[in-house]
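**Q** Listed below, chain by chain, are the residues.
There are 10 protein chains.
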Amino acid sequence: MERAEVTRRIVEAKRKLGLKWIDIASVIDRSEAWTATALLGQGTLTNEESAKVGDLLGLDPEAVAALTVIPYRGTTVPMPPTDPLIYRFYEILLVYGPAIKDLIHEKFGDGIMSAIDYEMDIQRVEDPKGDRVVVTLNGKFLTYKKW
Amino acid sequence: MERAEVTRRIVEAKRKLGLKWIDIASVIDRSEAWTATALLGQGTLTNEESAKVGDLLGLDPEAVAALTVIPYRGTTVPMPPTDPLIYRFYEILLVYGPAIKDLIHEKFGDGIMSAIDYEMDIQRVEDPKGDRVVVTLNGKFLTYKKW
Amino acid sequence: MERAEVTRRIVEAKRKLGLKWIDIASVIDRSEAWTATALLGQGTLTNEESAKVGDLLGLDPEAVAALTVIPYRGTTVPMPPTDPLIYRFYEILLVYGPAIKDLIHEKFGDGIMSAIDYEMDIQRVEDPKGDRVVVTLNGKFLTYKKW
Amino acid sequence: MERAEVTRRIVEAKRKLGLKWIDIASVIDRSEAWTATALLGQGTLTNEESAKVGDLLGLDPEAVAALTVIPYRGTTVPMPPTDPLIYRFYEILLVYGPAIKDLIHEKFGDGIMSAIDYEMDIQRVEDPKGDRVVVTLNGKFLTYKKW
Amino acid sequence: MERAEVTRRIVEAKRKLGLKWIDIASVIDRSEAWTATALLGQGTLTNEESAKVGDLLGLDPEAVAALTVIPYRGTTVPMPPTDPLIYRFYEILLVYGPAIKDLIHEKFGDGIMSAIDYEMDIQRVEDPKGDRVVVTLNGKFLTYKKW
Amino acid sequence: MERAEVTRRIVEAKRKLGLKWIDIASVIDRSEAWTATALLGQGTLTNEESAKVGDLLGLDPEAVAALTVIPYRGTTVPMPPTDPLIYRFYEILLVYGPAIKDLIHEKFGDGIMSAIDYEMDIQRVEDPKGDRVVVTLNGKFLTYKKW
Amino acid sequence: MERAEVTRRIVEAKRKLGLKWIDIASVIDRSEAWTATALLGQGTLTNEESAKVGDLLGLDPEAVAALTVIPYRGTTVPMPPTDPLIYRFYEILLVYGPAIKDLIHEKFGDGIMSAIDYEMDIQRVEDPKGDRVVVTLNGKFLTYKKW
Amino acid sequence: MERAEVTRRIVEAKRKLGLKWIDIASVIDRSEAWTATALLGQGTLTNEESAKVGDLLGLDPEAVAALTVIPYRGTTVPMPPTDPLIYRFYEILLVYGPAIKDLIHEKFGDGIMSAIDYEMDIQRVEDPKGDRVVVTLNGKFLTYKKW
Amino acid sequence: MERAEVTRRIVEAKRKLGLKWIDIASVIDRSEAWTATALLGQGTLTNEESAKVGDLLGLDPEAVAALTVIPYRGTTVPMPPTDPLIYRFYEILLVYGPAIKDLIHEKFGDGIMSAIDYEMDIQRVEDPKGDRVVVTLNGKFLTYKKW
Amino acid sequence: MERAEVTRRIVEAKRKLGLKWIDIASVIDRSEAWTATALLGQGTLTNEESAKVGDLLGLDPEAVAALTVIPYRGTTVPMPPTDPLIYRFYEILLVYGPAIKDLIHEKFGDGIMSAIDYEMDIQRVEDPKGDRVVVTLNGKFLTYKKW
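Those protein sequence lines, which keep their order, are chains A, B, C, D, E, F, G, H, I and J. Letter by letter, the first sequence follows residues 1 to 147 in full-length UniProt numbering. Letter by letter, the second sequence follows residues 1 to 147 in full-length UniProt numbering. Letter by letter, the third sequence follows residues 1 to 147 in full-length UniProt numbering. Letter by letter, the fourth sequence follows residues 1 to 147 in full-length UniProt numbering. Letter by letter, the fifth sequence follows residues 1 to 147 in full-length UniProt numbering. Letter by letter, the sixth sequence follows residues 1 to 147 in full-length UniProt numbering. Letter by letter, the seventh sequence follows residues 1 to 147 in full-length UniProt numbering. Letter by letter, the eighth sequence follows residues 1 to 147 in full-length UniProt numbering. Letter by letter, the ninth sequence follows residues 1 to 147 in full-length UniProt numbering. Letter by letter, the tenth sequence follows residues 1 to 147 in full-length UniProt numbering.
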């Protein structure tokens, strides 16, 4: 089964069951952000995790098996993104990218923030002038090797 | 004077004077992230801010004036980014973008995170397994208007 | 059900019933512009709105449910637009874009017009030399935050 | 003289003289929107208009002459736009484009809104919840000819 | 029914019936060029025209109805065109485009040739050195409005 | 000397001398369309033609020599064209291209209209409802060889 | 029937029957290169040729008819080509293109090699250091018309 | 010295001296096709070859040295090519590419024609119906290795 | 049968049977790298190899036959790659490409590393600081021919 | 000083001095591959390394300083690469990319090969059938974090 088809079924089942990502995450003892990422087709579940998710969402065995296969990542977001919510993060790269690069180099030297040894978190922070989205990107710094 | 030329001079002066962004930021009482963003050509300074930066970095009056002009933003990062540090953030959009969209909608409803009423912060967090880059993106949630 | 399929059914039902957007809009007490936008796959209806539209157009429950899901926006217009009507608006950006940017900055300072806290209106204005299309774009000004 | 160079000089002179577009427009008895469009390199001035603008801004004869030459339009905005202010209008095409097309057809039949027999206006409208940018696009409707 | 599917059926029926565009055009009292354009998915027929074409080609009611819907134009020719016949016209723009622009401006001033108030004609002209294709493009001149 | 520089000088000299393309064409006994095409950098002049044009426009010997070198064609029009006048012809390909292809095949069989054994003409045709631009494209039909 | 589907059937039948292009070519008295080109969807057969090919390959009448329809050419090779064999010819354009242009101009003057009045041939030439592919491209020279 | 600048000087000197590629080729005992390729910036000369070419064309020592440096190839032809002569070869790939691939595989098996162990030749062949350009591409067949 | 469909079945069968590439490779006496490459649709099997693979994986005769047909290569990886694992190799070209080119030229002269007479190997090398992926690319050097 | 200008001077000095990368590498006690990478603008030198390289190549202080600034990487190789040597590695991604991905996952699980904690080596291996280029890519395996 194509992973995209599995994703479609998960989204459909989640909606019909009225579940939130945190509900699914709690079943497999993962964060909501990782769980959403993986179940939207961008991560790999262990057999045990996949079975639990399958039970919760009522997936058939073929779909459960597909969730344990390492996916081709990155195929669902067209670039540049047409969706305004995702585009704003793209715009942040355009506008704030040079500053991000320079500040990381200032604090760490030559290297990058890993997008693999990486976790993220999304919070709603109340604010009288309008609640705020706070996205925390947290990646290990990797120093450029010289040899 | 072209803004790109002003940026070039700022970067050069900053390097020769051995300054960090936090040093420049402290002169105008701004965060290092905003200061780096603006002085790398992506923000607008008040006359007062520009004069102070000009004094610190030894910029000529024409460059000082140019910093107060609202810039055409987003022209310095090619897309997709060729620089590995910036690319990792682009990759985060490809891989984590669908989860970011879904989680924000779950927590806030239909709308976006503003990239204008927005601030960010970059920290180095010590970790025995390798220090980590923690980037916090903080934007006001804007609800899609229905009329 | 894919949102594109729902859109297809709405367009078909609207044509067969001989309805105009204003007819559908009046059922949910919204403007014709917002109603057309949402039902062409770019907006989210409340359960109540969706039920009313479903009744009017004879949509099945699955389609009614799909209208309440926040969509991936922006996927139906190829860029640059191949359709001449839509292209003219793209051309307006090419030709008038720099003036629009400069005039907004002159009147408001550094920031943007929101496309989220936004409404629009389209009118036919009679004119002896040929009636005119008048499109009004109305968005909240958002000031660039400095922090 | 290249038109882009003339534009650069106009922008510089306007800034140094502390003029607004409306000030320049009043000298040639045109609207501020048309004046900004033309002087940013996207329109053609008569000899008389060009002379008056040249006097006001202190342009040399070669620059004055260049303003009367019909320009290659559309060369200054990269697509998709990287600047957030201009991008929002591009996003409006992505999200609202299908509704704009359908509503114009509903009101006028098969044809387009002209971007040539066209005028526009930009206003600041006060609003206690935040002032609003109101952009009015006004173009003659052109019916598709059948022959 | 998708317009592309209607086009496919028209092309198939036309071939099986051994008709030429001029034969179809004569039934609706239009030129062969407009008739071919419209029936290849780029124009809108009146109910009467559509009924006549449907009778001639044996189209079912759903296809007949689809011909009266204003289409999304321009979706069938990839750009740059891969087909050599269409590419030659694209090449004409590359090579002769600057001269076309300059000559029209010399004869008419600042404005464009309309592609909406437009007709065209294609003729075979005998020539002992090889017959020639003569394509006549005829569009109303539209003067750029100043306001 | 780069051909683009020669073109720039020709355009400048033509404007200062107040000449039209037909004036230059008459000196070398060519049509205005070919003359404009060639002098805008898309054609090759004989030594004699180049000398006459050089005399008329006051070009220096290096520029005169450059006009006799076969150019790299097609480098001055970006695709898709940003200039509205040229874009309309591009749009004609998008909208009328399939009909043009089919009608030429109907009249000639399998082959193309040459863009090399080709001439064109641009006329202003008076019309009480607005004068019209009439562009005639005239190319030899070339039959696809079978071997 | 879509031409792509006919091509698919031809390739399948050819493989199952163990035929080479030369075998099919001999039935219609054409070269193997033209035959392969046409049957891979890039050429037009006469009714007689199509019937013979249909007999040989066991095509049904609809497929036989489809081979006589003039195709949209050039739709099967993505550019740049991803297939290494085809890419090498693309690379030849990148590396040898300027020399090809200059040498043809030196030998013929201003014009092009026709790709319509064109034939080609592909031979295997034995060589002790490794057999060689020899592709001969043979097109009529077309002189740029001046008028 | 940039190789592009060396190329420019070679082309200029060749034109002023009235030389053909065959004249330059004879000095270094190479074919005209290879000589044109290399001197247009796509090949590497030995010190001896470079010195001879430098003497013939009057190049300075820096230019002579630059001809012996292995170049970055393929940077001078934009893709798709805008020049009609070069475009025809690109079109040959679009139209004849699938047949070329299939015929080479039929004659040689799985592999490619080398564009490195490669030579080519361009001839003018007289023909009463119009002289023909005959381009011979001759490359070693390379079999795909299996291991 | 489309090769992509055969690939899909192979991947599915391999997963269900719990095989690794080395298991399949051992049946046909090839390396795991070549076997994976070929069975993922990028190589050609002999009849014997294909039959053995078909037996092992339980493929039907049509799929077995399809594996012996020379494929159109390179169609499964979008460029730039969206998958992070594949992207890192793309990034290696961006960052290390100039050094690779220069070092190969320094050691071999003007030419290339063949991607046809080529083999590769992928190993896991244990390392206390984290195991390493070692990819060895091994291609015959091909000298640029001069003629 | 722009890094590209520094690179240009290094390449020029290296050529004039007749040095190889290994000669420069030995001065700073690094591998030739890293040294070439860094000095071609893709790496950062320590002050000490930079001073030594500057002494060897005769660089001025500004160039020496520029080598210690962390560069924007990846700006010198256009994608897809036009140079045949670099293109072959790009082709390896197209053809062998899926196998590389699958084999690494088979040996390591879900993650990537780092291009940062990475080294490479290029060797000439003698072979009677033609010497071979052996490129070894050696990167730390990074496991996808789950949280």
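Just so you know, these hints were derived from the structure itself, not from any lab. This structure is a prediction, so every number in the text was calculated from the model and none was measured. Among these hints, one or two may not hold up.
Taking lysine-lysine pairs in the PhoX-like style, the calculated list, with each CA pair at most 25 Å apart, reads [said to hold, decoys possible]:
(1) G:LYS20 <-> F:LYS14
(2) J:LYS145 <-> I:LYS107
(3) C:LYS52 <-> B:LYS145
(4) A:LYS107 <-> I:LYS107
(5) E:LYS16 <-> E:LYS52
**Q** Looking at the structure, which of the earlier hints fail to hold?
**A** Those not satisfied are hints 1, 2 and 4.
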